[in-house]
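Based on the hints, put chain B in the right spot on chain A.
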Amino acid sequence: MRSFVIPALAIAALAAAAQARAPSTAEGFALSAVEGQEPVFRSSTRIVPVVATVVDAQGRLVPGLDRDEFTILDNGKPQEVTFFQNDVQPFTVVVMLDYSASMTANLDRLQAAAEQFILRMLPADKGQVGSFSDKIQFSGTFTSDRDDLVFALKDLQFGNPTRLYDATYESIAMLKDVVGRKVVLVFTDGDDTASRMDMGDVLDRAKNDEAMIYAIGLESEYFNGQRKVRTRPDRGLRRLADETGGGYFELKKTDELAPTFTRVAQELHSQYTLGFSPAALDGKEHKLAVRMKQPGMTARSRRSYIASPDRLAPID
Amino acid sequence: MTEQQFRLEAGRALGEALRALVPLAERRGFDLDLQDGVLQLVFDSPAPAKFVASPHGPARQIWISALGRTYRLAWNAEASAFALEGEALPALLERLTLDFLDRHPG
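Just so you know, the sequences run in chain order A and B. Under the working numbering, the letters of the first sequence match residues 2 to 317, in that order. Under the working numbering, the letters of the second sequence match residues 1150 to 1255, in that order.
For the record, the hints were derived by calculation from the structure and aren't laboratory data. No experiment lies behind these values; they were computed from the predicted model shown. Be aware that one or more of the hints could be misleading.
Unchecked claim - So the derived list for chain B, only partly shown, Cβ under 7 Å to chain A, looks like this:
{"no.": "1", "residue": "1187"}
{"no.": "2", "residue": "1201"}
{"no.": "3", "residue": "1203"}
{"no.": "4", "residue": "1205"}
{"no.": "5", "residue": "1207"}
{"no.": "6", "residue": "1208"}
{"no.": "7", "residue": "1210"}
{"no.": "8", "residue": "1214"}
{"no.": "9", "residue": "1217"}
Unchecked claim - Pairs of lysine-lysine residues, derived as DSS-like cross-links and limited to a Cα-Cα distance of at most 27 Å, are as follows:
{"no.": "10", "chain 1": "A", "residue 1": "177", "chain 2": "A", "residue 2": "254"}
{"no.": "11", "chain 1": "A", "residue 1": "229", "chain 2": "A", "residue 2": "136"}
{"no.": "12", "chain 1": "A", "residue 1": "127", "chain 2": "A", "residue 2": "177"}
{"no.": "13", "chain 1": "B", "residue 1": "1199", "chain 2": "A", "residue 2": "127"}
{"no.": "14", "chain 1": "A", "residue 1": "155", "chain 2": "B", "residue 2": "1199"}
{"no.": "15", "chain 1": "A", "residue 1": "229", "chain 2": "A", "residue 2": "254"}
Unchecked claim - Anything over 10 Å on all C-beta distances counts as not near chain A; from chain B, calculated:
{"no.": "16", "residue": "1158"}
{"no.": "17", "residue": "1164"}
{"no.": "18", "residue": "1169"}
{"no.": "19", "residue": "1170"}
{"no.": "20", "residue": "1171"}
{"no.": "21", "residue": "1185"}
{"no.": "22", "residue": "1196"}
{"no.": "23", "residue": "1197"}
{"no.": "24", "residue": "1206"}
{"no.": "25", "residue": "1232"}
{"no.": "26", "residue": "1234"}
{"no.": "27", "residue": "1243"}
{"no.": "28", "residue": "1244"}
{"no.": "29", "residue": "1247"}
All C-beta atoms, glycine included, are put in the ideal place defined by N, C-alpha and C.
In isolation and in its complexed conformation, chain A is listed as follows (with noise of 0.2 Å):
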């Protein structure tokens, strides 16, 4: 199954630098044409592609950098980028909300931040919003329509325990069909308390399905009809987050809800995409690294990824 789409401008631009390199690419590479007409690439040549965020010792996003600034790593080696992409790519995410009972008091501005995360999303961003507690709930249909989503965000209903990780499997799932980038954001103030899924199905599905997760956790305190209860957020988020080349912010005010999600719709907006061709399609699981060449800079990308052909996007 193809699982990431590389523009045809892009594919033309791989093409033509793989030619003129010597064919080190997984399976090799063709090209004919026919004069006056469009070349015609075939190959059977796989890529994995790699979207990475970078920040600088500060943590602050760093957008507009070169191709050469990058090195990509598969399990440890350093690999040629022959893939590259700074400018702004759309995609397609889940905003998924924690709306069991220890967020009543914190509602509306959930919903607030909620809402700077949408109207932050671009024209060509598409999105649907979801709620979880003892129930887990969609809005229906990917939309870019930003006042159908904000609409949707006050529809969704109140519930009791908290199905962290059922509601990010099934934010998974909703995003299978879809080309491109695939994003989940969930937002929870508390531990799973009634899942029948854990973090390693969840992770597994992420993984296979090339999602990015990106976790905002809370630590809350509400009160429960007898006595005052802090929660903290799940700690899986964060590995979750970090697996998938995500993000996980851990907040202790409500105050820093907004600031977070549209910190979160910048990120996506200012990410790279990078792609290499593996040396041997093993059907293995490599590690993924991405390093960059400026002191102070880090990039986070998903850290593993299968080296099959059947998973990796042809260019053909």
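Frame of chain A; chain B shown alone:
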């Protein structure tokens, strides 16, 4: 431009754009809303639509999302304004608004 300078200039530019658009909004009947650093132009007629202008700190740009397109305005130090190909934020928003209203003459 530092991030702090950018925030100040972006806030100022969006405020100026809001003020510049008020007469047109009153004349042609659409809403303006500047909240949390995001300027929205909300149209009920001739067709429901929304233009959104928001600062993008990492890129040091103001982004406008309107009519299915994105416009990115960078800081022009000489003009002391955010502009796209010489067209400053208020002028660009006004042009896009008039394009939209005139294309849907109701």
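Comparing the hints with the structure gives:
1. 1187: holds (5 Å)
2. 1201: holds (5 Å)
3. 1203: holds (6 Å)
4. 1205: holds (6 Å)
5. 1207: holds (4 Å)
6. 1208: holds (5 Å)
7. 1210: violated (9 Å)
8. 1214: Given a least distance of 5 Å, the restraint on residue 1214 (chain B) holds.
9. 1217: Where the cut-off is 7 Å and the nearest Cβ of chain A is about 5 Å from residue 1217 (chain B), the hint holds.
10. A:177 x A:254: Outside the cut-off at roughly 34 Å; violated.
11. A:229 x A:136: holds (24 Å)
12. A:127 x A:177: Given pair residue 127 (chain A), residue 177 (chain A) holds - Cα atoms ~14 Å apart, limit 27 Å.
13. B:1199 x A:127: Holds - the C-alpha atoms of residue 127 (chain A) and residue 1199 (chain B) are around 16 Å apart, at most 27 Å.
14. A:155 x B:1199: Holds, because 19 Å separates the two Cα atoms, which is no more than 27 Å.
15. A:229 x A:254: holds (17 Å)
16. 1158: holds (17 Å)
17. 1164: holds (17 Å)
18. 1169: holds (21 Å)
19. 1170: holds (18 Å)
20. 1171: holds (21 Å)
21. 1185: violated (6 Å)
22. 1196: holds (12 Å)
23. 1197: violated (7 Å)
24. 1206: Check fails; 6 Å does not lie beyond 10 Å.
25. 1232: holds (18 Å)
26. 1234: Fine: 17 Å to the nearest Cβ keeps residue 1234 (chain B) off the interface.
27. 1243: Fine: 20 Å to the nearest Cβ keeps residue 1243 (chain B) off the interface.
28. 1244: Check passes; 17 Å lies beyond 10 Å.
29. 1247: Residue 1247 (chain B) clear of chain A: closest Cβ-Cβ about 19 Å, beyond 10 Å.
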